[in-house]
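For the protein sequence lines, the chains are A and B, in the order given.
Note that my numbering has the first sequence beginning at 1, numbered continuously upward.
Note that my numbering has the second sequence beginning at 1001, numbered continuously upward.
Incorrect hints may appear among the rest.
Below, simulated DSS-like cross-link-like pairs (lysine-lysine); rule was C-alpha separation at most 30 Å, straight line [what the hints assert, rightly or not]:
no.	chain 1	residue 1	chain 2	residue 2
1	B	1020	A	115
2	A	89	A	42
3	A	141	A	42
4	A	469	B	1020
5	A	115	A	141
6	A	84	A	141
7	B	1054	A	115
8	A	115	A	34
9	A	115	B	1102
10	B	1146	A	306
11	B	1020	A	396
12	A	151	A	79
13	A	155	B	1144
14	A	474	B	1102
15	B	1020	A	354
16	A	396	A	354
17	A	84	A	155
Simulated coverage check for chain A against chain B, where a stretch passes if three residues somewhere in it have a Cβ under 8 Å from a Cβ of chain B [what the hints assert, rightly or not]:
no.	segment
18	92–99
19	103–111
A short, non-exhaustive set of chain B residues, derived as facing chain A with CB atoms under 7 Å [to be verified]:
no.	residue
20	1036
21	1068
22	1141
23	1150
24	1151
Keep in mind that the hints were calculated from the coordinates and are not lab data.
We put the CB at the ideal spot given by N, CA and C, even for glycine.
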Amino acid sequence: MAETPKPEDLYQNIDHTMPDEAWEEIPPDLSKGKFCYPTKPKNLDYLDMPTPTKEEWSPADEEWPIPDNWQEIIHEGFKDRLEKYRSLKIFMDVCVRCGACADKCHFFIGTGDPKNMPVLRAELLRSVYRNDFTTAGRILKKLSGGRPLTKQVLKEWFSYFYQCTECRRCSLYCPYGIDTAEITMMGRELLSLLGLNINWILEPAANCFRTGNHLGIQPHAFREMIDFFCDDIEEITGVRIEPTFNRKGAEILFITPSGDVFADPGTYTMMGYLLLFEHLGLDYTLSTYASEGGNFGLFTSSEMMKRLNSKMFAEAERLGVKWILGGECGHMWRVIHQYMDTMNGPPNFGETPKSPITGTVFENAASTRMVHITEFTADLLRHNKLKLDPSRNDNKVVTFHDSCNPSRAMGLLDEPRYVLNSVCNNFYDMPENTIREQTFCCGSGSGLNTEEIMELRMLGGLPRANAVKYVHEKFGVNMLSCICAIDRAALPPLMDYWVPGVDVTGVHELVGNALVMDGEIERTMDLRFEPLNEETEEDADE
Amino acid sequence: MSKKNRDDIISARRQRWIEKWLDALMQTYPDESARFFKDTTDPFANPVGATMKKGITDLFDVVAAETYDPEAAHAALEPMIRVRAIQEFAPSQAVGFVTEIKSIIRRDAGGSKEGHPQAEKLQQIGDYADRALLAAFDIYMNCKKKVYELRARQARDSVSQLLIKKELISELPDVDPAL
């Protein structure tokens, strides 16, 4: 747990009046409580990443443990990436500082810190680019907006590239389509060349290599957890489910973020998936090797992302499945939808995914062989293949948080709403400029869901919470649904702080509640063992 | 001076004082941010600004009322303090804006003399602002405690269910009332 700093340590002499110096001159605040903990050296070591020190250190330290030739390392790394990624070079050159992005970042909206304006966040990198890689910058230096890479600049990068959740809301408004998430990704890649990454990202990444998932849960424990869910499902529905693990020859491999297996309320979503597959009689299997849909490589480097992602194809090939069905996750789908084909494609297994129930061919997933579960379920509903009793969700007044990655990165906007409107009777959307493509981030994505920066997370999540508060007060919304495991971990404390009385759920938890299973007992409880309605509660009391 | 006249003085200046109070609050933010907080009117694009505008307006009506209503004061202050408690402010700065109305009124109504009925009303506004400041401090502390609780809960809950389900720790079972 984070050491709780004394108020006087945190807040002494903070002055918000506009300083006289230019922004470049103002040092980042790296006092306690203002930064994510840096990664433990053992994680760097395990991931074959540069490990400049074996000692633990703090960003609050004056001197950081970086190699003597650190400037050269960054310069060469920057140069490599400018040559490799044309997009990066364009993003560095093309910004006209119009300011369209400035007030679109949830961190700026919440904190009011000008360096959280996306334009300025990019300028942290761009100023060094101008100085080092442009003729005008070499000659005109500061006059052209260039600045040399100093230790203060490096500290600024660490501070502000770990205050960006890579949600890409700003890029939606940029007339040039500059993707600040990719700028942050490059910033983090460069920092990682010096071993400067955070523990909340690299520990899960290292665990993923070792045991297959973020928490470091071993295969037998993974299997036992699923068995526990099956016990709970049997108690609630009377139906016994026996999923298979690592079964060769299954038609479909199901991969979901490990948060669904190990963290409430994601676990209830996992129970929803299991009920759905049983309802359909689906020929599927789970893997204890590819037991993690999430990919913290996305927050580290393209190489790390590629290595972690490759397990999905490798396992699908080994098991000989036809295609992969993917669970509710955010950044997992950004990796699959936008990078997987380039990084690890084309796949050496299977065929273009085809629903065995409806016969629908998912042409959009031809290159990755991976279908998102809400697309799969929406297709089932469209073909009337599910027996449902939506009234079992009547004690919930539901709204939907579009998770940044499925909405902005893959355009999954209508499918979740179609599913929700089919499985529950009370659904209300939040205001237009806070949902769908314009959705506000949970404030904790891209590896920032760590407790030491709780204040920052609450401020980053304020615009989202504010919109939830509106539908909570107007329509009595008491359940915030989402299709992302990070959301399911990040939104409960956010709701607890800003909108008490609103709980968080995955979409397929609600599907699981509504599904009428063959041979089921009369349902009196939802998947959380809570009574389905007031009457049931009273009956139980009698 | 009759009560009606006193109220007229207040209502005539209400809007101007509210604006000045909001300006004083916004001065605690960097210029760029204050401009955004003040000028962007969509409450969903600018929740901080919208919260502060509504909060200051409601708070003015609390301190200008004939009697001090603690519940109304809490309702006006809570959303503002909830934001400022987690922004980068010293505790004194986070709640300090509450009494700014005193100096705004003092400057604006400089001519009023002691014993003058208007001065009495203005004094009352100041007294109510002091009471609101104390209420703000209570809210501030509750918000801070909440953040620390959330932080502790995340650390505690991250693996506790797993430990229970794996039977590495054993909890007392829930007591069945039927037994």
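Hint check:
For a cut-off of 30 Å, the pair hint linking residue 1020 (chain B) to residue 115 (chain A) stands: about 27 Å separates their Cα positions. Distance restraint check for residue 89 (chain A) and residue 42 (chain A): the Cα-Cα separation of roughly 34 Å exceeds the 30 Å cut-off, and the hinted pair is therefore not satisfied. Restraint check for residue 141 (chain A) and residue 42 (chain A): not satisfied, since their Cα atoms lie roughly 40 Å apart, outside the 30 Å limit. For a cut-off of 30 Å, the pair hint linking residue 469 (chain A) to residue 1020 (chain B) stands: about 28 Å separates their Cα positions.
As the CA atoms of residue 115 (chain A) and residue 141 (chain A) are separated by approximately 21 Å, the hinted pair is consistent with the 30 Å bound. With a C-alpha separation of about 25 Å, the suggested pair residue 84 (chain A) and residue 141 (chain A) falls inside the 30 Å cut-off, and the hint holds. Restraint check for residue 1054 (chain B) and residue 115 (chain A): the C-alpha separation of about 27 Å stays at or below 30 Å, so the hint holds. Of the supplied pair hints, the one linking residue 115 (chain A) and residue 34 (chain A) holds, its CA atoms being roughly 14 Å apart against a limit of 30 Å.
For the proposed pair residue 115 (chain A) and residue 1102 (chain B), the alpha carbon gap of about 34 Å is over 30 Å, so the pair is violated. Between residue 1146 (chain B) and residue 306 (chain A) the CA atoms are separated by roughly 39 Å; this puts the pair beyond 30 Å, and the hint is violated. A threshold of 30 Å between alpha carbons decides the hint, and for residue 1020 (chain B) with residue 396 (chain A) the separation of about 44 Å lies outside it, so the pair is violated. This hinted pair checks out: residue 151 (chain A) and residue 79 (chain A) have alpha carbons roughly 19 Å apart, not beyond 30 Å.
Of the supplied pair hints, the one linking residue 155 (chain A) and residue 1144 (chain B) holds, its CA atoms being roughly 28 Å apart against a limit of 30 Å. For the hint pairing residue 474 (chain A) with residue 1102 (chain B), the CA-to-CA distance comes to about 36 Å; that exceeds 30 Å, so the pair is violated. For a cut-off of 30 Å, the pair hint linking residue 1020 (chain B) to residue 354 (chain A) is broken: about 64 Å separates their Cα positions. For a cut-off of 30 Å, the pair hint linking residue 396 (chain A) to residue 354 (chain A) is broken: about 33 Å separates their Cα positions.
Between residue 84 (chain A) and residue 155 (chain A) the alpha-carbon distance is near 25 Å, which keeps this suggested pair within the 30 Å criterion. Coverage of a stretch by a chain is defined here by at least three residues with a beta carbon nearer than 8 Å to that chain's beta carbons; for the segment 92–99 of chain A and chain B the count is 0, and the condition is violated. Counting residues of the segment 103–111 of chain A whose beta carbon lies closer than 8 Å to any beta carbon of chain B gives 5, which meets the minimum of three for the stated coverage. Look at residue 1036 (chain B): its Cβ gets to within about 5 Å of chain A, closer than 7 Å, so that hint holds up.
With a least beta-carbon distance of about 26 Å to chain A, the hint placing residue 1068 (chain B) at the interface is violated under the 7 Å criterion. A cut of 7 Å between beta carbons decides the hint on residue 1141 (chain B): the least distance to chain A is about 10 Å, and the hint is violated. Among the interface hints, the one on residue 1150 (chain B) holds; its C-beta lies about 4 Å from the nearest C-beta in chain A, closer than the 7 Å criterion. Taking 7 Å as the C-beta cut-off, the interface hint given for residue 1151 (chain B) holds, the closest approach to chain A being about 4 Å.
Checked against the numbered hints listed earlier, the structure breaks hints 2, 3, 9, 10, 11, 14, 15, 16, 18, 21, 22; every other hint is satisfied.
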